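Enquirer: Go by the hints and put chain U onto chain L.
Going down the list, the sequences are from chains L and U.
Going left to right, the first sequence walks through residues 590 to 926 as my numbering numbers them.
Going left to right, the second sequence walks through residues -10 to 327 as my numbering numbers them.
Note that these hints are calculated values from the structure, not bench results.
Computed from a predicted structure; not experimentally measured.
We put the beta carbon where it would ideally sit given N, CA and C, even for glycine.
If a hint is listed, it holds; no wrong ones were tucked in.
Below 30 Å or equal to it, Euclidean Cα-Cα: the simulated DSSO-like pairs (lysine-lysine) are:
| no. | chain 1 | residue 1 | chain 2 | residue 2 |
| --- | --- | --- | --- | --- |
| 1 | U | Lys224 | L | Lys611 |
| 2 | L | Lys867 | L | Lys887 |
| 3 | L | Lys786 | L | Lys674 |
| 4 | L | Lys867 | L | Lys831 |
| 5 | U | Lys224 | L | Lys674 |
| 6 | L | Lys674 | L | Lys781 |
| 7 | L | Lys690 | L | Lys781 |
| 8 | U | Lys224 | L | Lys668 |
| 9 | L | Lys887 | L | Lys907 |
| 10 | U | Lys224 | L | Lys690 |
| 11 | L | Lys690 | L | Lys786 |
| 12 | L | Lys907 | L | Lys867 |
Cβ-Cβ distance ranges computed for the label pairs, FRET-style:
| no. | chain 1 | residue 1 | chain 2 | residue 2 | range |
| --- | --- | --- | --- | --- | --- |
| 13 | U | Met(-10) | L | Ala711 | 20 to 26 Å |
| 14 | U | Arg(-8) | L | Asp739 | 33 to 39 Å |
| 15 | U | Leu193 | L | Ser738 | 43 to 49 Å |
| 16 | U | Leu193 | L | Gly712 | 32 to 38 Å |
| 17 | U | Ile171 | L | Ile737 | 51 to 57 Å |
| 18 | U | Leu4 | L | Ala711 | 34 to 40 Å |
Chain U is faced by these chain L residues, among others (derived, beta-carbon under 10 Å):
| no. | residue |
| --- | --- |
| 19 | Val647 |
| 20 | Thr681 |
| 21 | Glu682 |
| 22 | Phe700 |
| 23 | Gly707 |
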Amino acid sequence: MRTGNVIAETVDLAIGYNARGKSTTVMDHLSLSAHRGELVALIGRNGTGKSTLLRTMVALQPPLHGSVRLQGQEINTLKSSGLPKIVSFTSTEPIALRNIKVREVVALGRFPYTNWIGSLTAGDERSVSDALGVTGLLALADRNIDNISDGERQRTLIARSLAQDTDLLVMDEPTAFLDLPSRYSIVAILRKLTREKDKCVIYSTHDLDTAVNEADRIWLMTETGISEGAPEDLMLSGMLAKAFESPLLSFSQAGGTFSFVREKLAPIALEGTGIVRKLTERALRRCGYRIEQDAALKVTVNVTAGNTEWILLNGLHKEHYTSLYNLISHLLAEGLD
Amino acid sequence: MLRLIMTGLFFLMILLFFADLLLGSTHLAAGDVIKSLFGQGTPHGEIIVMQFRLPKALTAIIAGAAMSVSGLLMQTLFRNPLAGPDVLGVSSGAGLGVALTVLTITPLFSFAPGSQLQDWSLILAAWAGAGAVMMIIMAVSARMRDIMTVLIVGLLLASAISAVVSLLQYFSNEAELKTYVIWTMGNLGNMSYSQIRTLALATLAGMVLAFAMIKPLNAMLMGETFSRTVGVNMKMTRIILLAAASILAGSVTAFCGPLAFIGVAVPHIARIIFGTTDHRTLMPGVALSGAVILLISDMISTLPGGGQIIPVNTVTSLIGIPVVLWIIIGRTGLGRKF
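So that you can see chain L by itself, here it is in the shape it has in the complex (with noise of 0.2 Å):
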């Protein structure tokens, strides 16, 4: 593991609001670090605070208690045009313009940096057509942001952020409302960000399966707070399981990932091989069905020239099926077990 220098940590830092000087915490003596060239993912059930804590860390509201530093200064030391310089930060915050243009909203990245009216510099251009390549935009740069899909948009919120030359970026909820390939592409530019340009990314997201396989660490928030350390750490301590598992959803420890719990379990064969007998096991587990060597239900996969078929013996009796739908119909329509 890498163990690049610390870019942004957190002092037994107290998260919340004050409001009409009434102070409601949301989470304390939090102690969290960040490092140069790492993909960090907050991860953890809605209102656990994932918000409140990435605000707070870019100093969008005051610590209630402890510090935030971030390439060991102070947070609130810094001046609001040294910050900027630092870390960037990207909100759900939507976009509600139309008539502007990819390439206009990255420029917007540079706003530290430009003169009193925001003219960019030679250098300015190079970041932002620098943004918009990592980020796979060059070829809409020049479209309308309403013109292009939601995944895009995304990507241009972070060649903004990008094109703001930060260490440090933040965002919250990057991957929020797109769609399976949209996601593994925004994770992906993240965690080339952080190879490729040594950045560090700490971003949330709701989105368990890319965090757990692209992050090289994690920040689970649980009610009582937050546990750190490498995607593996946290199944291994079963801190992963707990934080999300429920009456409906098991863990699966080795593979990350989660699945239904089934409630009735009924017994039944499975003869075959390959991946035509991976798939039918998953939809046998899916309707309730746990494999069983000698059960006396018993499905037999048959390859043969190319087609398949799945054979079902039930007692004496045997029938044939050319789907896995057709088969589990059947099973289901029976009550076979």
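Expert: Chain U alone, transformed into the frame defined by chain L:
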């Protein structure tokens, strides 16, 4: 391309300015108008050009630019495509300031009617009235994210203010009442050169503030969170924008009455012309478009050659209302996009 449109718009403004001098309810030969500008015309022509048409055309340029830029600032500040000085009751607030001044303080100036002191007290009262309404709208906008709610609050404010003004009218004499009613119709004429200079100075101050805020305004298009994280001091920016919008709309309203729909409509027209939301282009673009549109409105209102004048507000409403309708039911729907 943008530069070309901007230059074109500038020359269109100059052209319309001269057209506005040439056209009027009384027929004057073009030669007479031009000679009059240099003090060589007929006595009749010189009076009409120098005392009526020239002040009116100058006022149209200043007022059109000021009201439109004020609308642009409000639209970005409140993140509301339907914001404008008249729509949100800011003009009414300025009007209340004017009404109060006319009825309470003006008698104090009776020793020097039409003095600079009187003009400035009028303008200050209008700024205060406009600023007060602006602050209420700002407080409401911060709590209600729905643009319709904000518009309804603006409407209610305008109604409440007009109720107060009605009360003032009840206690005023016939002459004051007539002056006030004519004022509400919007009037670009009747301005002395000293008043034009005062209006120009106030507008210049407002414009300097507005142009100084171009960069933060562009960041604000991306939302408050983004603006704060790139280092915009939101509190300071809001105060300056509020002051600039109040100064621009308040000054014009004090002298010309509540010019209808210019502030809300022109920024949209400029966005269509220039196809951008970048304030570096929009700020001068909106100012020029506003001047052009008010010059056109003024020309139409004098019904060239007809010997009659209709209120300029009638014309600006007829131009502005379709734009507002287009925003409400058009392709933006009721979204917060602009």
